[in-house]
Amino acid sequence: MSAVTACTWGAGSNETEELLTLARKLSSDGGGEFVWAVVGPADAAALQETAGKHGVTRIDRIESAALESYGADAYVEALAAYCEQREPSKLLFSQTFDARTVAPRLAGRTNTPVVMNALDLASGDEGRLLVTASAFGGDTRAVYRVAGDRAIVCVMANAVAAEPAGTATTPAIERVDVTPAGDERVRVVEAARTEGPRLEDAQVIVAGGRGLGDAANFALVQQLAEALGGMAAASRPIVDDGWTDAAKQIGLTGKIVRPALYIAAGISGASQHMAGCAAAKTIVAINRDPDAAIFRYARYGIVGDCVELLPELTKQVGR
Amino acid sequence: MPSIRIVVCAKEVPDPDAVNSYAVAGRLEIGDDGKTLTQTAIPRLMNAYDEQAIEAALRLRDAGAECRIDVVTAGRDAASLLRHAAALGADEIAAIDVDASAIDYHVAARLLAAYIETTGGADLVLCGRQASDDDQGVVPALIGERLGMPLITVARDVQLADGSAVRVTRVTPDGDEVVEAACPAVVTVSSELGPPRYPTARQTMAARKKQATVLSPGELGVGDEEMAPRVELVRQFVPEIHGNCEMVTGETAVEQAANLIAAFRESGVLS
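Protein sequence lines, in the order shown, are assigned to chains A and B. Be aware that the first sequence starts at 0, since it is given in numbering that gives the first Met the number 0, and climbs by one per residue. Be aware that the second sequence starts at 0, since it is given in numbering that gives the first Met the number 0, and climbs by one per residue.
Do not take every clue at face value.
[To be verified] Computed, partial: chain B to chain A, Cβ under 8 Å: (1) Gly30; (2) Gln135; (3) Leu141; (4) Arg145; (5) Ala211; (6) Ser215; (7) Gly217; (8) Leu219; (9) Gly220; (10) Gly222; (11) Met226; (12) Ile240; (13) Glu245; (14) Met246.
[Said to hold, decoys possible] Stretch-level coverage of chain B by chain A, calculated; a stretch enters the list once three of its residues show a Cβ under 8 Å from a Cβ in chain A: (15) 81-93; (16) 121-134.
FYI, nobody ran anything at the bench for these hints, they're computed from the structure. Note that CB positions come from ideal geometry on N, CA and C, so glycine has one too.
The task is simple: from the sequences and hints, build the whole structure.
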């Protein structure tokens, strides 16, 4: 029997409920049984609750000692074994940093077509999968048709709004036996530092771009972020120029965020950047160019010099 | 130190800055076929991340690695891309003779892997993290799986340790991570590597004389049955943005800031 299978590491991330929403839509669009495959440890009760709310019919637990923490080789090997046993027809991942490695590698390992950057999924003629994906840095949308029954798809954050199923289910939990070797060919010599709050969780973000004029002015972005109790971020050009570190980059090749308030200072609004922040509830744009693309996405706009406006906003917010 | 072979995979793409300029101006259009950009004025050039992959290879050579650097692309009409690669310092430039618009990235990866395998293998395969046209970024992973090589993505720095292992600084969402793997390996390079060098006029002149190796899929042992695309572009469109921007005005920055904060308070954005 064909199945639409959403796959997450443990209980997943912020995007899990979006992924389940999209998987349910595809499954009711003639895609088959709706399964959630969970790799590695996760709290069973919490899984069952989320799965039930989203109408999942079955949870497949893929567990083994080698899967307790992320390792690309072990995850690919385990998922390849899972695919062989359960033959999911459509295997969907949230496009997290690690999924960007695992999904295409799994596609290569299992000889399955793969599409990344997906924003929407549908069943086309003869049940063939249609994937709408972001292309050209977000400037266009490409619609791909996938030959055959099987496909692996990575879904971008904020592709759809999470929505519970009309009818809740009580999904069965099944254990899937896999025994990945657990020897990683890529060895971590120095781990990334994971301290501090994450931009993905921030409610207020102030982001700076080239309009700041020079590197020293990035401090103005940080000061306003601090005054608002939020976090500072950046567009790709100023990260490439070394004005701030890559961990602060918002966009298609950086972080995808959804704060309540996103203040874009001196950012032109290239699609590449907007792909990372378009889901913010309120976007404020400050730009000297009244024709800047950013104003098309913004709720509030100010035509002006962010180098003058940022300190003024910091001062007045503090009052 | 024994000599090693580095293969860099490169792709030609429409200039992303030109595409973006059209998009920002609201003038990006799709042609009558419903899937191709119409702007003929958009120049084609080497994908910037691929250029940085070549740069990573050249830096290894600069650092003293005894290496041969070969650059390969899957597609015809790649003369200018390959000349640029030769001018930068590629030892061999190679094109796989296929219509790039008639294959998908699975076929491209199959062909590139076949090139690597049938021309003596590689100690290091360097690719850009993704191409700026489709943004898919899956070819390096598919090559790695095909050749049984480990994959290291989004490198900002690539070093060789005695020619038998590669040490890579990766740009992760949590900051830089340093990893190591035994060669052969596939590494994808990101923009954080820094700008690639320009060839000198003398290098550019000399590159004109360099002959590209042209190989057909058949010569690489890839049969017709493996040439059928499984992921097919059927439509492309420019997304619509529904703007409802309220412009906040004021005579001075002080006034603009005050009016913005007032608008925040009124709409409940800030309490």
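Status of the hints after comparison with the structure:
no. : hint    : in the structure
1   : Gly30   : 12 Å, violated
2   : Gln135  : 5 Å, holds
3   : Leu141  : 4 Å, holds
4   : Arg145  : 6 Å, holds
5   : Ala211  : 27 Å, violated
6   : Ser215  : 23 Å, violated
7   : Gly217  : 21 Å, violated
8   : Leu219  : 18 Å, violated
9   : Gly220  : 17 Å, violated
10  : Gly222  : 15 Å, violated
11  : Met226  : 13 Å, violated
12  : Ile240  : 5 Å, holds
13  : Glu245  : 5 Å, holds
14  : Met246  : 5 Å, holds
15  : 81-93   : violated (count 0)
16  : 121-134 : holds (count 6)
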